[in-house]
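Quick note, the sequences are listed as chains A and B, same order.
With the first letter of the first sequence counted as 1, position 913 gets the number 913 in this note's numbering; the numbers rise by one all the way through.
With the first letter of the second sequence counted as 1, position 107 gets the number 107 in this note's numbering; the numbers rise by one all the way through.
No wet-lab data here; the hints were simulated from the structure.
Do not rely on the hints blindly, as some may be mistaken.
Said to hold, decoys possible - For lysine to aspartate or glutamate, the following EDC-like pairs were computed, each having C-alpha atoms within a straight-line distance of at most 20 Å:
| # | chain 1 | residue 1 | chain 2 | residue 2 |
| --- | --- | --- | --- | --- |
| 1 | A | K442 | A | D374 |
| 2 | A | K987 | A | E909 |
| 3 | A | K552 | B | E28 |
| 4 | A | K321 | A | D259 |
| 5 | B | K63 | A | E654 |
| 6 | B | K15 | A | E654 |
| 7 | A | K655 | B | E49 |
Said to hold, decoys possible - Here chain A is said to cover these stretches of chain B; the calculated rule only asks that three of the stretch's residues, wherever they fall, bring their Cβ under 8 Å from a Cβ of chain A:
| # | stretch |
| --- | --- |
| 8 | 57-68 |
| 9 | 89-98 |
| 10 | 124-132 |
Glycine is no exception: its CB is placed at the ideal position from the N, C-alpha and C atoms.
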Amino acid sequence: MNSYPAELLVQLAPVMFIAGLSLPPQSQPQSPPPTAQSPISSTPITQGPQRAISPNPTPQVVSPTPTPPPKLDPFTHLSYKLCEAFRAQRKMEIWQPDKSKVFQVVFVDKEVRFPPRKLAPPTTTTLSAPPPPPPAHQHSPLSPLSPSSPLYPDGLIAPIWIRKHTSLVPSVFVLFLRLYESPPPPQAQTQPPMSPLHDRERAERDRLEREERRGRDEEEERRRDGELAGEVAIRKKVCAERGVKLTVVLMASRRMLDDPSLDTRLTYIRRQSGLDARASLFVLSPVTQQELNEFVHSIQQALWEPSIEYYTSHSKRVRRKRNRHAQSGGVGYVVPAISTPPGGGVPTRPLRPEGWTVRYEYKMACFAEFRGEDEVALKHYQDAYEALVIMFGSTAILPPRTKRWAEAKVLADCVSVKICKLYLYNSEHALALSHHNSHIKKFADFSRGWGIGEETFEFWSWFARQHRILAELLEAGTRSSTPSTLKLPSHTPLVPPPIPTSAPSKGVLPPSTVAKGLELESLRSLGLGLNPSQALMHPGFYYYMAARCTEKRRERFLGVEEIEVTRPGYANSPGYLNEKKVDHLAIILELYTKSYELFKQHTPQPQAGHNQAQMQGRHMLWIAYRIAQTYYQAAKFDMAVRFFERIAKTYRREKWGSMLQPLLRTWYACAQQMGDVELSVRLLVELIGCGTDTTREEGDVSEIEEDLIVVMKSTAPSTIDGPLIVDLSESEPIFEPTVIFWSPEINVNEPAPFQLTLTAPTNISISSLPFTVLSIYFGEERPAVTVYHSSGLEVGDGEVQRVDLGLLSTSEAETGVKEVKGCLRWDRGGKVVFSGAVSSEVPSVLKVAKVVLTMREGKWWIEIPFDPSKSRQAALNNPKWLSSTKPPRYVPVGRSECHSTNVRHRPHELNVRLTHQEPAYLDEEYPIVIDITNTDDRDLDIMVDVLLHPAEIDLADDHITMDDQESNGLIKGVSFGVIPPGVNTAKTLFLASAGAPGDRTIDISIQSRSTAAPSQPRSPITPDTPAATPDMTEVLHTLVVSAVEAIKVVYDVTCRRRLGESRGLADLRTFDGDFRDDAEGAEGVITTTMECAGPWGVEVESVKLVPQDHPAAKVISSSQEADQDEFPSEWLPGDEFCDICRVAVWPDEVDNPEESIQGPGEYEITWRRLLSNGDRGPKSITRFALPSLKAPTDGLIALMEAPAKAKLHTPIPLHLTIRNRHPSRSANIVVQLDLDPTDGFVVAGLRSGRIPTLLPGAEEKISWRLIPIECGFVKVPRMRVLERRSAVATTQPTASGADVEVEGEIVKVVDVRWEGKDVDGNDEGNVESVEAEEAAGVQPTVLVLP
Amino acid sequence: MAPQIRTFTQDDDLKYHYIAHTSLDVIEERVNSTTKSTECYLGLLYAMEEVAVYGYITPLRVKIVLALALTDAVIRDTEMTTVFKALHMVYYHSVSNPFLKLHSPSDSTSDGACLLLAGSPKWRSFRQRVDEVARAVGVVVPTSQA
């Protein structure tokens, strides 16, 4: 912006003149003339001759009044404070979007004079203060029509016009004046009370005196007020002529404010001076700073409107003139101008109508800007700009390279900046940038026509200036520290993505710009995208552009300079002479540095949580690269080198060789210039490495080799104590290295064959580089293998060379440093394969850790170490093993990790046998013999771990035992001791499985350790390696053992009712706690069949029924007691053994009669397995619990007893027991014996009768005698037992109505001989009822024998 | 890993190397700022020196950078997305060629991306495909692409 007159760029604001304040002394040095408040003084091009401006240019500024600071009278103090407050209001700046009502304050003298408005054309007689009312033909001294004007006759507008309005003419004039105050009454007034004398006469005199004094004072005040009013009136008149609002601020003491006469005085002054009624007279007394600020604020508020009116009236005036001008076609002004050519000047054409349009539009734009009407201003600026473009379009209107043309160009640029700025104020970034671009484009086109096209430095200078001014504008906008007043948070369009986050369809524009409808609408209508040339970036980009343009400017300039050398006088234009003085490189550096800073500022800013370290700042590196290049061009090589060092670091890390290479070249050039031979050598070596990576032409790179040799031959290193180490670990090595180990794994002390291939680059020759030594390192602690160059062996063309390194052992006894001779010269793309075998004593990973190439030439001793495993192409190419050299043949090695091999211990030779006889029986300690034989040639220490897997079977309860360890999971570390070679050891592992049959899984891990200590640290450096990998082998066996039952048990349970006599409730023993009524409950008969189920026989030592106490059941008797003498007995698979026992069961009537009752005992079988060799296995005990039983629950039941057989004609008894087992109800029983003629019995006894009511728990027994009269199975006469009570209950409702024979409910008659129940208590085979009996055809019978 | 640059116009490679390199800044910034965005198209990265640089990132973090000559015209996002998708497919087709790994170690875990680099023999078919895309969009999108 410095290259343009500041007046044309600054933000305009209403101007307020303040007079009558004495400036504070401290601010005197820093308060230069108001024009100097703008940072830049105008350029020579546009600066009109100052003396011509106005007749009285000087007295604008209050001369620094030498106010004595020590005694600060309150009004001086007030004056100082006011000055400060006003001065703080507004700074003259270019970026000032703030729209609050703040004036541009200019301090002036009370007697200030305004520049004359109009001038009589011929003369300049203006020293007479108030100019007479201007005649119609007079013009402003700045008008092109005034011959004395700098614009005469065809100038457009000069910065001085703006300056007139910003510093010479105010919109409001604020005049500070002291209100006269008569001195306070003398102190004598306070004395009278002190005086002892107090006579009336004296009092009277005093009163008279006071009155007289007051009269004098009033007179004085009136006189002073009159003077004051006069002064104001003069000023008022001057102001009124210009339409400037005058406001008077009277400073008075606080006492005065309370004085009742103040009002009248003020009214007097106002009337006398002719001040307006509104906002034109203030009274101010010394107050605090805050109140003062409020005053300053309120006075600005009050004066804002008149100020706006002032500028509006100016606008109106100009518009009138423009309209008149437009109607008259502009002739009206042109004609008189032609008629009066300037005194002795060249006959030039006066200003054309287009020029007048520019003038008027520009003026209106400025006045609108003064008013803060940005949009109006924008419109007028655009019109002015358009008119300017029309003017530039014709060389007739504006002949190029004239003064007016240059002025117009500056004006156009400045108007363009204003337009951009106004767009930016309104957040219309795309429009701003669009305007900027079109301005550049238009004027670039014009420039071609003017002969200052792209081939000239002038063009690029202007181009750079445009970019720079935009950058500066944006920077000013983004830098504004008060975001509240800044309408545009200028960084928003720069930082957030134009296509933010989620949906590109929605987010074409950053949200801030969305607010502005027009832009968005146009974009929407065009489709969802944006014009990249209108995407505003942050100012760093534009500084960068400016720098690039300046570079081009320099190029063009250098071009001209070159021609100038050959043909002196070729370019003698003043432009060239000017350009000669320009330090282009300094400008470029400045611009790049600014750009760099802005990139830095804008890079990490937007997203919180990403610190700068994470952001790579590649843009910055790019710019840094440009800076370094510029330093190089400016011959500041040390600076350039510093930049290069930093940049190269990142580029190396990111392996971006194609950018690194040009950098290295320039760097090398710097090093050459600096004479730093070591750096040169380093860079050359790195360049050779890089050279392999690019696709540059060969001629370019071959010189690197020559350069390197030349450097090495012609110079000497600064120190010759040690080698110069060129570490290429970060960048590319010279050679393409490949390391291949033949096998992925190798045993300790076995040789591992390997090949190290160094392939020379194909696009650069390195055949003459004097490599003397190649050292190959396999690890830190190992000695290197050294290959010396032997010059006798020459390189075959393109052939593969092979250098045999032999067997490289690591045992130190036999090695020092192994040395081999070989050829160390490479042709283009040549390969040298270093092959050999390496062995290791300890387990480790073998690889080639480092390769060091040594070059020696003269005093140079250069070592180039690199890591061969970090190959560029390793991932791409299949590694190949060289199998023969002539012709070269390769075997592909099919693994990617072939650049290393694992060294491990020789595995231990162990023979492990697991012996056991499947299946295992449950409840048995099942032996598994682990038999380990050492078939190795070393003593081995064996440890065994056994893991029993948790069984997946329900109810499994297993454990394992070994030695003295027992566990249901893991047994760890069972030592088998040290087993010498050829010896075997066995141990037995016992598996005890219980519960359900199924498979059991056991893991047996056998770990062997070599007891010989081969890994004693021979090399003291690696004490941790053997510890980390002990010589241990582990063998894992998994055993699945199926466990089956040795003896299978089947129960057969029947239940029957007990037939014992009930004692009845009358017997007292019934109430004993442990009394069991024999008639109650049931009796279970359990038949147990035990079968030897497994594949092996067992020897049973005993079978015992162990009764267990049970409240509801009791073992009554068992048959096994009789069988005890049979044991021990051998049961072979399939053998069965039976036992019967009786169990009495009493159901729990009260609580849960339906529940089955647990068996009151268990069988305990003690057995041993019969082994195949006739031995017996360990004693095992298996237990089987008796099955659970369920007692029958009856209500009312009849039990029939009859003998199974009878003799013909011999009477037999028949009993029927009727039991009422109902807990609470009594029973009313009728028994009928239905005799049938076909019955084979003669019956003696009750035929039909009612039994006495049966109480709950009671029973009644009825007996008959039967005499069989037939032989064979004779049916017992049918009996019907009826329960009348329930029948009564059911038929009662109808009983009264009809004489129905009440039958009753049939009670079940059970033939106890056949009674039997299964465990569940269901009837089984017994007589259900009479009907069912008949239906089934089963009726109790008696076998009658003759 | 440095990309290989092939310019479609006979311009200096270095410029496009720098464009690709610097655009990584903006890509990183955008990718980091948008939380869990699945959007591949990153839009205009920056405009500078006669080129407008657009970015695209595939779900597997392959970055595609397209530099357009800066003209005063609206570039539709849909068009850019289409071009990017075409380029992505080109890359995808080339990478999924099973013969790419013919000569690499069988147990190599590295993907075939690096095999597509310029200069490698496998580069040719990829290049042809890219050229096809360039020809197809040549009407809409003028010249230089990196």
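Okay, the hints, checked on the actual structure:
1. About 25 Å separates the Cα atoms of K442/A and D374/A, which puts this hinted pair outside 20 Å; it is violated.
2. Taking the CA atoms of K987/A and E909/A, the gap is near 19 Å; set against the 20 Å cutoff, the hint holds.
3. Of the pairs offered as hints, the one joining K552/A and E28/B is violated, with about 32 Å between alpha carbons and a cut-off of 20 Å exceeded.
4. Note on K321/A and D259/A: the hinted pairing is violated, with a Cα-Cα distance of about 52 Å set against a maximum of 20 Å.
5. Proposed proximity of K63/B and E654/A is supported: the alpha carbons are some 15 Å apart, at most 20 Å.
6. Between K15/B and E654/A the CA atoms are separated by roughly 17 Å; this keeps the pair inside 20 Å, and the hint holds.
7. The suggested pairing of K655/A with E49/B is violated, with an alpha-carbon distance near 25 Å, which exceeds 20 Å.
8. Counting residues of the stretch 57-68 of chain B whose C-beta sits closer than 8 Å to any C-beta of chain A gives 1, which falls short of three, so the coverage hint is violated.
9. Closer than 8 Å: that is the beta-carbon criterion, and the stretch 89-98 of chain B has 0 residues meeting it against chain A, so the requirement of 3 is violated.
10. Given as covered by chain A, the stretch 124-132 of chain B fails the check, having 0 residues with a CB less than 8 Å from a CB of that chain where 3 are the minimum.
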